[in-house]
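Participant: Based on the provided sequences and hints, a complete structural model is requested.
For what it's worth, the numbering used here labels the leading residue of the sequence shown as 5, then goes sequentially.
Rather than coming from a laboratory, the hints here were simulated on the basis of the structure.
Just so you know, these numbers come straight off a predicted model, no measurement behind them.
Every residue, glycine too, gets a C-beta built ideally from N, C-alpha and C.
There's no promise every hint is true.
[Claimed, not checked] Label pairs and their computed distance ranges (CB to CB):
{"hint": "1", "residue 1": "Asn33", "residue 2": "Asn519", "range": "50 to 60 Å"}
{"hint": "2", "residue 1": "Leu851", "residue 2": "Thr829", "range": "23 to 33 Å"}
{"hint": "3", "residue 1": "Thr123", "residue 2": "Ser227", "range": "18 to 28 Å"}
{"hint": "4", "residue 1": "Asn519", "residue 2": "Lys490", "range": "20 to 30 Å"}
{"hint": "5", "residue 1": "Ala735", "residue 2": "Thr512", "range": "31 to 41 Å"}
{"hint": "6", "residue 1": "Ser189", "residue 2": "Thr21", "range": "35 to 45 Å"}
{"hint": "7", "residue 1": "Asn519", "residue 2": "Lys237", "range": "53 to 63 Å"}
[Said to hold, decoys possible] Here are the simulated DMTMM-like cross-link-like pairs (lysine to aspartate or glutamate), alpha carbons at most 25 Å apart as the crow flies:
{"hint": "8", "residue 1": "Lys822", "residue 2": "Glu788"}
{"hint": "9", "residue 1": "Lys279", "residue 2": "Glu335"}
{"hint": "10", "residue 1": "Lys490", "residue 2": "Glu606"}
{"hint": "11", "residue 1": "Lys795", "residue 2": "Asp721"}
{"hint": "12", "residue 1": "Lys347", "residue 2": "Glu312"}
{"hint": "13", "residue 1": "Lys164", "residue 2": "Glu175"}
{"hint": "14", "residue 1": "Lys478", "residue 2": "Glu606"}
{"hint": "15", "residue 1": "Lys478", "residue 2": "Asp604"}
{"hint": "16", "residue 1": "Lys687", "residue 2": "Asp721"}
{"hint": "17", "residue 1": "Lys347", "residue 2": "Asp297"}
{"hint": "18", "residue 1": "Lys757", "residue 2": "Asp598"}
{"hint": "19", "residue 1": "Lys279", "residue 2": "Glu205"}
{"hint": "20", "residue 1": "Lys241", "residue 2": "Asp431"}
{"hint": "21", "residue 1": "Lys347", "residue 2": "Asp598"}
{"hint": "22", "residue 1": "Lys478", "residue 2": "Glu403"}
{"hint": "23", "residue 1": "Lys800", "residue 2": "Glu788"}
{"hint": "24", "residue 1": "Lys672", "residue 2": "Glu751"}
{"hint": "25", "residue 1": "Lys241", "residue 2": "Glu262"}
{"hint": "26", "residue 1": "Lys133", "residue 2": "Asp60"}
{"hint": "27", "residue 1": "Lys271", "residue 2": "Glu335"}
{"hint": "28", "residue 1": "Lys800", "residue 2": "Glu842"}
{"hint": "29", "residue 1": "Lys237", "residue 2": "Asp598"}
{"hint": "30", "residue 1": "Lys145", "residue 2": "Glu262"}
{"hint": "31", "residue 1": "Lys133", "residue 2": "Asp19"}
{"hint": "32", "residue 1": "Lys322", "residue 2": "Glu338"}
{"hint": "33", "residue 1": "Lys856", "residue 2": "Asp598"}
{"hint": "34", "residue 1": "Lys279", "residue 2": "Glu312"}
{"hint": "35", "residue 1": "Lys771", "residue 2": "Glu737"}
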Amino acid sequence: MSTSQAGGHPDLTTDFTLANPGAPEAAQNVVFQAPTGVFGNPRAAIECQASDFTLDRCPPNSQVGLVTLHANYEGNSNFLLGTAPIFTVVPQNGDTARFAFIVPVLGIPIAIPVAVRTTTDYGLRFTVKDISQLTPLAEAKLTFWGFPAAEEHDAQRFAKGSPGNPAGCPEEEGTACITEPTEASVTPTPLTDNPTTCTGEELSASLEVQTYQDPEHLTEAQSTYPPIEGCEKEVFKPVLQASPTTSQTDSASGLNVELRAPQFLTKAASPSEIKAATVTLPPGLTINPDAADGQSACTDAQANFNSESPAQCPDSSKIGTFSIGTPALPERLEGAVYIGQPKPGDQYRLFEFASGFGINAKLVGSVRPDPQTGQVQVEFPDLPQAPFDDFQLHLFSGERGLLATPAACSVYTVSAHFLPWNSVLADQTSNQHFGLESGPGGSPCPGQIRPFTPSLLAGTSNASAGAHSSFSLKLGREDGNQLLGKLGFTMPPGLSANLHGIAYCPETAIAAAANTPGLSEQAAPSCPAASQIGTTNVGAGPGSHPFHAAGKIYFAGPFQGAPLSLVAITPALAGPYDYGTVVVRIALHINSTDAHVVADSETVPSILGGVPLRIRSIQVNIDRPDFMINPTNCEPFSIVSEGVGDQGTAASFSSPFTAVNCSTLGFKPKMTITQLGGKGFTKRAQDPSLRFDLNTRPGDANIKSVAVTLPKAFAVDQRHLGNLCSRAQLAAEHCAGRAAIGTVSTETPLLEKPLTGPAYAVSGFGKLPHLAFILAGQVTLIPEAMSSSVKGGHLKTIVPTVPDAPIGHFRLTLFGAKQGYLVNTRSLCAAPAVSTVEYTAQSGKTLTQKVKAKTACATKAKKSKRHH
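Facilitator: This is the structure:
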């Protein structure tokens, strides 16, 4: 070569000799593998048309060099056939470029198609095809000029030939037969490029020979290329332009990227090629969670990375277009961008393919979002050592664009970092700016604090009072609003669930689900089917078509101080990506007075796999048969949600809820009162033990309140009230440590086991204490009763708030004797002890009953036997 300057444009000479030409084998094809980084620009000369080449009349400005040939001819094994011009000709059969010459003396046309080694280093491959076996080749010396149109080659440039009289010097080594110089009459541009990296070591070139006699066997020879020097004389100034395809905030977007590294095409050294590039998008311009919905991935096998053939990726993996411009080709290489099959540690791979002129360029990039913030870096770590003017990449826009824009109107910066193949030169950075100018859908730009106005729609599918029904809840958020954070839901009183026979999802299963791949969870759920009560559906991503992830919701045990909980388990699968399994616990707090449910969710996940979710909707469907039960109260209520947005704004939003047809429900509870402890406790001044049993009928309206007015035969025994529970102790410790005045239990059809506990007298309410009933079990309820003295000196006790739930059977047993709460003001046997019981139904109906206490008065005392 004539120069070893990095990026220089040398005259390149290849000289090869074949030993014993034609004996016993004759060469058919000779393949020359150029060193890595050596490139050519066939457009440095005017292409000779095929018709002109056939007629031996290629124009002088299509000549790019010379070839001198020896062959086994007329008994001379090294006969000098002569020197001929090498022309650049119009490529055929998908060649990247094509050179050709006419063999002197023989007049045989020889083609030299050029291909690019796209499976390895993108070096050049020259093939001398279909050499005559009648005149076996002995030696060939090919020289390609660095500047074919340069004046210095005019003396070696042949004038146009004519049919039957091709240009060349038969039986001469050199161009002495040329009598006068011939100008190219075009501006000289470089045909050749040296590599742009200086290692101080020789480069490798190789020759492969295929014979007519043994075409399956290749004979190889190695050669060297002098070390490249002068890297400090090169330049490296790539420029990046990048911007989203929309100027609206919080919206789906594509991306336009143009990377420019112009080639000089002058006598100056070519600039260094780009070895690696990293593009960093601004914070907030993140992966759209909806982008992968319905997409597939292109596998490495489908990409044909080990072949120079085109990729065969499915259309469902296509996410954009890609093209490459180079001065060596008359048109751009055109192609597409595909989702590459994820690999461990390289989740988001991008395949960029561009084809044309026999080249199937294949580049691989990686999108690396920050796992905490979602900020995106796009890396191209291994770009080929090949010259190009520009890369243009367009990622599709639309509702499922690959990206989602930041939430605020502002000017944002895209930065790029470039590493050159020339290790002497410094890395370069390039910054590009873009602006977002309106809110979603063209609305005005949001303020510094975005709005937070979620919507809530909730209710049962069958609103009939007391009926079993499925229940659904949907929470929505508009684009441009603050993101959803922690959420809580307050259910109306009476909207309850039948927990009888419902299994809990074990804590071990819940913990295991959080570490289970999404596909595995989908195929074999971690929680038992017996604990499933419904499904969930979460919508994520901006625009009118967010991505939806389906999950299941299970019943579970205590969580964060609540007696019960739900667990939503969602396999996080989006297109070819498996993000694992998302587990969200919802604590179910049961109000101890009216049993209404407050559901407190864990903080809703905001990012997964480096993808900010931008959750748009959360839908819960509780559809287990005979699970949810409507209230029997038809007053208007609301399902209320409280949430906090990502900027700290708190909001409360609600959905109306009203049961219907309460008037059709029956209402006939029944109470019995029984004196315990024997006849001795029927006497005046004794403290009897009384048992109150309340039974309700299935299908009736539930009790809202109940009042019991005792006969004057009973009064509160003030002597036994010294160990009263205070109001504060009731709230803090459920009166633990205080003396109980009785026991309570209830057997509701909604629970597996009865609720049981003590009854306490609670101070702080005037002359008479109130009563508190601690009903504990699967849940804890603490109904309270207010006692007062009414007209006539009767003791009246009212439970003003009874949970709107079927009681089944309720029992209160008041202790007697020294623990007695009540004292007889007269003998219970003197007259019947009749109480008045007043009921109010949740439906509004009322009922009054007279209840005669069952006493031991009728019991006959047994005569004692005397022993003699």
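Participant: Determine for every hint whether it applies to the structure shown.
Facilitator: Hints and how they fare:
no., hint, result
1, Asn33 - Asn519: 50 to 60 Å, "holds, 58 Å"
2, Leu851 - Thr829: 23 to 33 Å, "holds, 28 Å"
3, Thr123 - Ser227: 18 to 28 Å, "holds, 22 Å"
4, Asn519 - Lys490: 20 to 30 Å, "holds, 24 Å"
5, Ala735 - Thr512: 31 to 41 Å, "holds, 35 Å"
6, Ser189 - Thr21: 35 to 45 Å, "holds, 36 Å"
7, Asn519 - Lys237: 53 to 63 Å, "holds, 57 Å"
8, Lys822 - Glu788, "holds, 24 Å"
9, Lys279 - Glu335, "holds, 24 Å"
10, Lys490 - Glu606, "holds, 6 Å"
11, Lys795 - Asp721, "holds, 19 Å"
12, Lys347 - Glu312, "holds, 23 Å"
13, Lys164 - Glu175, "holds, 19 Å"
14, Lys478 - Glu606, "holds, 17 Å"
15, Lys478 - Asp604, "holds, 15 Å"
16, Lys687 - Asp721, "holds, 14 Å"
17, Lys347 - Asp297, "holds, 19 Å"
18, Lys757 - Asp598, "holds, 19 Å"
19, Lys279 - Glu205, "holds, 19 Å"
20, Lys241 - Asp431, "holds, 9 Å"
21, Lys347 - Asp598, "violated, 54 Å"
22, Lys478 - Glu403, "holds, 22 Å"
23, Lys800 - Glu788, "holds, 14 Å"
24, Lys672 - Glu751, "holds, 18 Å"
25, Lys241 - Glu262, "holds, 14 Å"
26, Lys133 - Asp60, "holds, 19 Å"
27, Lys271 - Glu335, "holds, 23 Å"
28, Lys800 - Glu842, "holds, 11 Å"
29, Lys237 - Asp598, "violated, 85 Å"
30, Lys145 - Glu262, "violated, 42 Å"
31, Lys133 - Asp19, "holds, 16 Å"
32, Lys322 - Glu338, "holds, 14 Å"
33, Lys856 - Asp598, "violated, 29 Å"
34, Lys279 - Glu312, "holds, 21 Å"
35, Lys771 - Glu737, "holds, 24 Å"
Taken one by one, the earlier hints fail for this structure at numbers 21, 29, 30, 33, listed in ascending order.
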